[in-house]
Amino acid sequence: MRLPPREHELIDRSKTVTFTFEGEPVRAFAGDTIGSALFAAGRRVFGRSFKYHRRRGLLCCSGQCPNCMMTVDGVPNVRVCVRPPREGTVVKAQNVVGSLDRDLMAVTDRIGGPFTPVGFYYKTFIRPRWAWPYYEKFLRNAAGLGKLDPHVTERRRVDHEHAHAEVLVVGGGQSGLEAALAHARAGRQVVLIDEGPEPGGHQLANRERIMTMRSLAAETAQAGVEILPFARAIGLYEGNLVPVDRGSTLVKFRAETVVAATGTLEQPLVFAGNDLPGVMLPAGARRLANYWSLRPGERAVVLTVDDRGVETARELEAAGVEIAEVVDYRERVPRSVVAKGRKQVRSLTVDGKRFDCDLVVMSGSPQPNYGLLAHARARVEFDPGRGIFVPVELPPGVEVAGEASGDVGSPAVPPPSHGEGEGKSIVCFCEDVTTKDFKDAVAEGFDSIQLAKRYTTATMGPCQGRLCHLNAVRVAARETRTDEGTIGTTTARPPTSPVSMGLLAGRPHEAAKRTSMHHRHKDMGATVFWTGSWRRPHSYSADPQAEVRAVHESLGVIDVSTLGKLLVKGPDAGAFLDRLYPNRFSDLKVGRIRYGVLTNDAGRIFDDGTVARLADDEFYVTTTSTGADGVFQWFEWWNAVWHMDVELANVTGAVAAVNVTGPNARKLMERVFDGDVGNEAFAYLDAKRGHVAGVPALILRIGFVGELGYELHFPSPHGEHVWDALFEHGAEWNATPFGLEPQRILRLEKTHILVGQDTDAESNPLEAAMPWIVKLDKDDFIGKWAIEHVQERGLRSLLVGFEVPSGRMPVEGAQVVVGGKSAGRVTSVRYSEQVGKVIGMAIVPIDLSGEGTTFEIRIGGELDQAVVRTQPFHDPEGAKLRS
Amino acid sequence: MRDIFFKKKMWRRHELKPRYDVVIIGGGAHGLATAYYLAKNHGITNVCVLEKSYIGAGGSGRNTTIIRSNYRTPEGAEFYRDSVKLYEHLAQDLDFNLMFSQHGHLTLAHSDRGMVVSAERAEVNQLLGIDSRVVGRDEVMEICPQIHLDGAFPVYGALYHPPGGVIRHDAVVWGYARGADRGGAEIHQGIEVTGIDVSNGRATGVQTSRGPVAAGTVIACTAGWSTQLAAMAGVKLPIWTTILQACVTEPVKPFLDVIIVSGQLHIYISQTDRGEFLMGSGVEPYPTFSFTSTFGFIEELSKHMLDLFPQLASTRILRQWTGLCDMTPDFSPVMGLTEVDGFVVDCGWGTYGFKATPIVGTTLAELVATGTTPRLIEPFKLERFYTDTLVSEAAAASVTH
Amino acid sequence: MSTLDFLSPDRARADLGFAPLLRSSLERAQRERGATFEERDGWLVAASFPGEAERLASVALVDLSHLGKVEVRGTGEAEQSRDVLAWYRIRPDRSLVLTAYRDVFLTRSTLARHFPLALDQTAALGILALVGPQAARVLGRLTHLCELPASGMVSHVPAHLLDRDANGIWIVFPQEYGHYLYEVALDAAEPLGGGPAGADAIEVRRQ
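Residue numbers (my numbering), protein chains in the order written: chain A, 285 to 1167; chain B, 234 to 634; chain C, 13 to 219.
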């Protein structure tokens, strides 16, 4: 019930907000959370536990436990004890069949117990096998907490920011503020982050201390410390990276020093009935009373191991709660504690003496909150004198302040549990794991903390052990008749508390590379798709064959700016290329071009392209579009090893490239090029310099697509100008833009390979049918040893062209079948109008690779015949290329 | 079912004996399965499994539990096919419910190239009788209506593998451990192997943190630590070790039945029977033995996962962890004899070891019992790196799941 | 004519019957946001945007891709000529030199006499300036780099960052990422009151 206005309450009674719970309106004051408002309205049951659907009430009021998880505005698993409502917020219970107050699934608590002990699902429904999917469906539906809305597509905006601090203090309680102040006074740049709306930590719920905390906070801010409220550290990652959740912004802090002032985690005590509504942790009871002016109960019993519980009793008395008894474990540790009640706690019996009450405050061990430190690989040790784990041995750059270091006074050590046999004693609230479960687990052989954890699932729920890890270790130690130090801990891993994927995702941008003619392609109606991180046109119309025809019959234009382009310059340039490639390039004449294939140490092909010699000491190398960065790194790496006199430059982005190709290509070049384009002056495989449409250009006369063609390389900012000029002057010959799909068909007609498609991680130049590439007489080159080995052992397979007489088309990847087994595959296949056949390339066993041999491929689930062709399908002599 | 009412120890504790016929190093799923099948299929019971931590502490307890056989090479696909078949009745064999949930596996293709890779795998799979086929966008929607097809990298289609599924990894470890124990093998936890004794080219035993143990045969099933173990016997392995990261979310009611993998986005996701989403990505690109989780992992993963499933924006990640991956040049494992007689390796499992557990157990047991390498694992012998007969799973394995 | 002229836009010729025009990789995106363009020294420059005055009070994004850029390799004596707007030492044997576009040919030729290699980078790189009090905050949304000058990843793109005082923070990036980077930067700036501004909104000065 709501008390009359109290000093230091956090609510503003002049402002109200109305939200709905299960369709009914609920009023809240500004400063209330959904949980406190519901409590004020009389609600005591806030959730149902995961396995047994037991009633659960407010426990921690700090967002640490699973008890108050509800679905808020369609978002499941929201801890309503710390979530402020807005006008019109829709709140619903979750994980119930029926309602929170009458959940039909609660039957599992009553009759399920003996039938659903720890690990029961491993021992049931093994047979009959066919029944498992039905049982599984039932299990899956019973599991999970809230429900996701499958139709959500919008998400709220989250920005990511980077920030730096000399000192980052995590936790704005007293010790955090004091640490920040000390660092600031020593002249450092300090940032302090705190989860709550204002710093002060748990002492804000202590009416005697709240003003002291506020003035300490003011002093700290005045000393120059930047204080960030509503800021929660997600973890402490390598390099002192602390990502901080600020709701709609994720701030990635890097700090020279991180100070963990994260305080302690209040621990429950383990006794029969310890999860009844009305059994609370100290912070839970104090916040209800002092933040929200709510009386947590009428009559209370306090069980405590240290002063925290005693202080809480005082605070509760000031709020009008009758304190029936304070059981201080430092004076006497009770042997038996049993809480009883149905919808909420009604009595607590301590060593046979019964107290009627509707509130039990259990103040268990003050466990230092060392999670962040554990992320940074601090070691953690058990202190048996005080019954807590404390961090020891911090890594450099990480400090700890206050109670998180273990500076918690001298609490009593509670026993692992009290008075079992009178009802379930809950160890893990999230997963409904009881002391009996631990006993049974150990009895079955799960006698180390890791095995016990995995078998019982204790600490694996939403709180990830924050409320149960210590008790789990205590109980396990007792069952295995060892001690907590021997049992050890489970590993604390990030995140410190659950973090939403939406926050982590940030803005949805994808890095994309575009050529300088990209927008012209879109203007011309191209469908654009990804090739690696490039955006490229697939084709300009629904009919790629029409674009193929245009190239064969007249004139086609394609943007090939995505090709990798590297400059290799220096006295050793030729020798350098000779070492990198199986080819020889040092004897290439100035102004000439040669096709090259790159192999790795294992002789496997990983890229290809052209090499043009621009001068004695200057080569211009092209690579595949997706291979550019990798090839450049390869070149740089090897030069770092060989230290040859060579400069390397990656000019991929600097240079745009366009291929102009078709029987009328020369005619267009005559219009736009300022040099001699006659067949003698500018022969096939020549490289010439000049101006195209006034723009300085290097022109490579090569023929990937099999027709007369010129590849123009020029500065990328001139892209649209050159593109427009080519189409303006090429209109006479119906210049047609063509994209990647038509290009694939054209190159296949010439059996030109696509690295990565016709080759894979195992392909070598010999088995890829390019023996002329390899100059084994060279002293050494990368892959030489491996390729020699291939030659010695003999080829096992060969890449060949093929046609399918039946006209049926296999898929790319279709298997070559010999004796019912896979013996090779189709790497490329298309229907070619020009040739009038289904043509392709395939890797076949060497004994099936002769011209005219038939072999079987699988088409549509059946076997069909293919015939080997070792010559290009279109213009095998290359007359068109050389015309 | 009776076992619910009677608490019986699943495995016993023993004193270490001075000699065993077979010493298996590594108490993960592979080691335990091998011990189980040695007894079950070959009557070899004088076996011990030496585990330096707790059983299943390594990859077996950290993996993301995906079982499938839609691999790229005929050798790989056949091998995993036989493993899946064993998994399908393993719960009955071990009398332990492994919660094997075969709801299907979709490997999304986001490009023409991706569709070609899918087609190739489907073709290889179909020739071996594996249920695996390419499906288009519409069918992807039918199989997984929650998926968002037109994000930053539109979905072209997928490779669909209906028998693909997820399983409770710990249950596999525990089921095999109990089976091995009942078969007579001794499982020793908390014992570290510190050396392997080799004389005259033959392995004769191991040195442990509790003293020496003589052995007729030594099998190393230590995955991420394989190079270190093999070095103890003087055997070199062409393996580099790195970590794979994974994470799990809070549990929600059933949302996703099928396993979704995207090679392009480098992510995959499944929903466990407990309701949590289990998610992962590719291996880290640097060699390391350090189990350090990175923030970049959950950041990039979330960004790309929400591209496919924007409904997950409010879903919270509870925990992230890492596990070691022993990577080979061809993404296929290394199994079988080495140049040291009596020393058998089972490694190179990268990101695909858990799904092979049963078939590894049966084939290693057969190798040890008969002295001959079973046909199914012939292609994976260590020798292949010296004869250049690699089994390249690059496309199917580098997608990692 | 040098063998590497095909890298240099300034080697274009207006006397061959064509009127070569240079466009920044941000040109189309700026056009779509209402920029007014002018031809300057062969470049199509976004001179102004509607409403740009307010943006300067927060952060204005200005395209300076039309500046001349030269990568200088090796070590050598360099007299800092008046034409050099910025000299950024990426590492001891590599520097990036920025000039006004009309000065780039001469600057490049001079540098070629003093250094083993002077490579034209005018076409390779784009430049986006963040100008205004919120510039550092917007930068913080794009990258972890904060002590300038620096080189490293900016929104998944390898870039250089220069602190140009009143001229703001300059992001020098591979031009093929221009359109993407511009979208990301605008997305980061707009909620803070920032947005595009034309080249005339700032007066580019030597530091």
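Careful: at least some of the hints might be erroneous.
[As the list claims (entries may be wrong)] Derived SDA-like pairs: lysine to any residue, alpha-carbon spacing no greater than 25 Å straight-line:
1) A:Lys536 to C:Cys158
2) A:Lys407 to B:Asp540
3) B:Lys240 to A:Lys1164
4) B:Lys242 to A:Lys1164
5) A:Lys536 to C:His172
6) A:Lys873 to A:Lys1164
7) A:Lys536 to B:Gly417
No lab work stands behind these hints: they were computed from the structure.
If you check each hint against the structure, which ones fail? 2, 3, 4, 7
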